[in-house]
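A.B. asks: Below, each chain spelled out in residue letters.
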Amino acid sequence: MEVDRVQGKVFEEAPGFPTQYGPERSDRQPGSPLVPHETYRDLVSIFLLVAMSFFLTAWIVPSLETPRNPAQTPFIVPDWYVLFSYGLLKLAEILPEPDVPGVLGLPAFRLTAGFWGFFLTNIPLIILVVLPFVDRGRENRPAKAPLRSAFGVSFLFVWMFFASMYSVNNLILEKWPVIADDNVLKAFFFGPPFLSFVAAYVGLRRLGYSPMYWYRVVPLMAAFLITAGHSAYILSTIGAHPQWGWIAAFLGLLTAMTIAPAVASAYLPEKAALRATVLSSVFLSLLGVLLWLTFWYYSPGPAYATEVVIVPNMHTVLALPVFSVITGYVGLRRPYSTYEYLLNECYQCGKCHTVCPVTKVEDDALGGLNLVYNSFKKEHDGVPLWTCLACDACSAVCPLDIQYSDYILEERAKVMGQSAVDGGEER
Amino acid sequence: MTLRQSLWNLFREANRTLFGWVKDRFPTAPWADMTRKLIETDQRQVPRSHAEKYELKTIWYWYPLYCLGGISFVAFILLTITGIVLGFYYVPDGRVSYLSTGKLTNPAYDSMIYIMNTVPFGFVVRGLHHWSAHIMIAAVFLHMCRVYFTGAYKKPRELNWLIGVLLLFLTLGFGYTGYLLPANNLSDGAATIGINMAKSVPYVGDLQAQLVFGGTDISTTNYVLRMYWWHVFILPFISVGLMLLHMALVWLQGVAEPH
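Residue numbers (the numbering used here), protein chains in the order written: chain A, 1 to 427; chain B, 1 to 259.
Simulated from the structure, these hints should not be mistaken for lab results. Note that the structure is a prediction, hence the values are computed from the model and not measured. Just so it is clear, CB atoms sit at the ideal spot from N, CA and C, and this is done for glycine as well. The reader is advised that the hints may include incorrect statements.
What the hints assert, rightly or not - Once the Cα atoms are required to be at most 30 Å apart in a straight line, the calculated BS3-like pairs of lysine-lysine come out as: (1) K414(A) x K271(A); (2) K351(A) x K154(B); (3) K155(B) x K351(A); (4) K186(A) x K90(A); (5) K414(A) x K360(A); (6) K414(A) x K351(A).
To be verified - Only part of the chain B face toward chain A is listed, based on derived beta-carbon distances under 10 Å: (7) A14; (8) G70; (9) K155; (10) Y179.
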């Protein structure tokens, strides 16, 4: 009777599982009908897109500006998608412009900023072309390939954004004269992409259940040491200034924001470290706002603190505390995906079932009891959970390296914790 | 033989003579038959994706991003239609001349004024062309990001990735050449940067500028005509072919999902 029940469950004609575990397996899967389901869905999407275009047209009619005048110096505002190229062209002024002597009868020439701009613009193209021949790993999931994903975040989004931003550097310097230094904007080409790379890498490793400790502690400690050292350097260089005490307080606060996640993740258990990171960052931010308001109210003027101290050094004293808090959080939090995320890689080749020793001795096995399959479908009702020997034979043969016994042990720990809460009763 | 019969015979003979001539040379019956069978085949279905097949629960958030390539294609179709309409009225000539009032103008800019002010719904067509272009470029960029983050460029899809990179840069080329067509002050700014960048490459710079912009000096070059040639003939010719190839390869190789 039990055999029939289990058999019925395993061999059910559920969508996605037409035939299970045998020579009769077929991969024919029912899909959605082309007409009308898919057609209508596509039509709705197309109509939405067209409607959006009409709406934008009615909302903002594209301007015509004034006719071209070759006698005037042109007013340069490229469209948003080529801003990165213009930003790189502007950045090219930091590169040398050497005179190259002519060789083999070719004329001499000069490598100008225009050439460097052209050269730098082509670097993204080269990266995109060689990408599939460089990254030849198997992993498709973003969290399982943290290096690639972190590079994508830092390069495709952050670096492209700041390269585009640099194309309007003159407008930014005009609108926010407090920056008044082009080098601050140039630093954005290197600092934020690097920091976002590290933060994304740490967060994605966490998401993919990879070993974490040193990947979290080393960047956080480095951020703390750099912030502390740089703050000390700033305080030593500004000399005796009437606002020295205030500046020291701000820098101390920012350094404290970097030390809290670093020390917490190095010396506390993960849960407590996460709590310490979040609470300390919230507390210190509020304290900072209060301090700033007090300073703004009582002090003759905040100009010196911002213009001379904070703004030129924002790539360290402002960026690193933010980096520390974010990295500490994403490196310590419990990943929102559970073990299901890892089990979902299974494409049901059935090798685990073939090697499983439990199915060879248990009576239920004759009826097709499959431990992995049943726990994956959450239909175990306790049988596979407690009959599994955790021998790891299934993980050994799994072509996708799914650690099934880890999952079983985790589930058992969960159940035991629950029964302890219930007063040690059997569930 | 009644009149009715003879009329019928006449009709039949005429039919055979007229259509039989065509049918003898171009037998359409097998094709019609195949088409009918194709339409009537029951259970025509879009195959289930990997995630649907195995009831995966945790990667649903990638799914809306899988329509970005299609969105860019739909935007391209919209651009083609509106572009054909604009092509009836646009004059690709950016050579400046002075009006009797002393104001500066050029035929391309004049034709844009005509499209915006006189052509019925001309401003709507131009607005659609403008905004669809922005939508297409944004969709293409996000589509590339999706392919990158889901690792969809890996074996066996390297060739399709390379075609996609080419298409991305062709799309940017569409945007840039289109930006230069109204022959206004912004076009001049963008053309100046483009010509200077093209010229600055050693040895081939002037040749490159001559080929792409039709000249090496912004004040004397009628770059609008050359941009029109790129925008309306060359780029569409290359991109349509590559787009079809891109989609054919997706069809043959299947959609890559993160699993």
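A.B. asks: Now tell me if each hint is right for this structure.
C.D. replies: Against the structure, the hints:
no., hint, result
1, K414(A) x K271(A), "17 Å, holds"
2, K351(A) x K154(B), "26 Å, holds"
3, K155(B) x K351(A), "25 Å, holds"
4, K186(A) x K90(A), "10 Å, holds"
5, K414(A) x K360(A), "28 Å, holds"
6, K414(A) x K351(A), "27 Å, holds"
7, A14, "39 Å, violated"
8, G70, "7 Å, holds"
9, K155, "7 Å, holds"
10, Y179, "5 Å, holds"
Violated hints amount to a single one, hint 7; each of the other numbered hints is respected by the structure.
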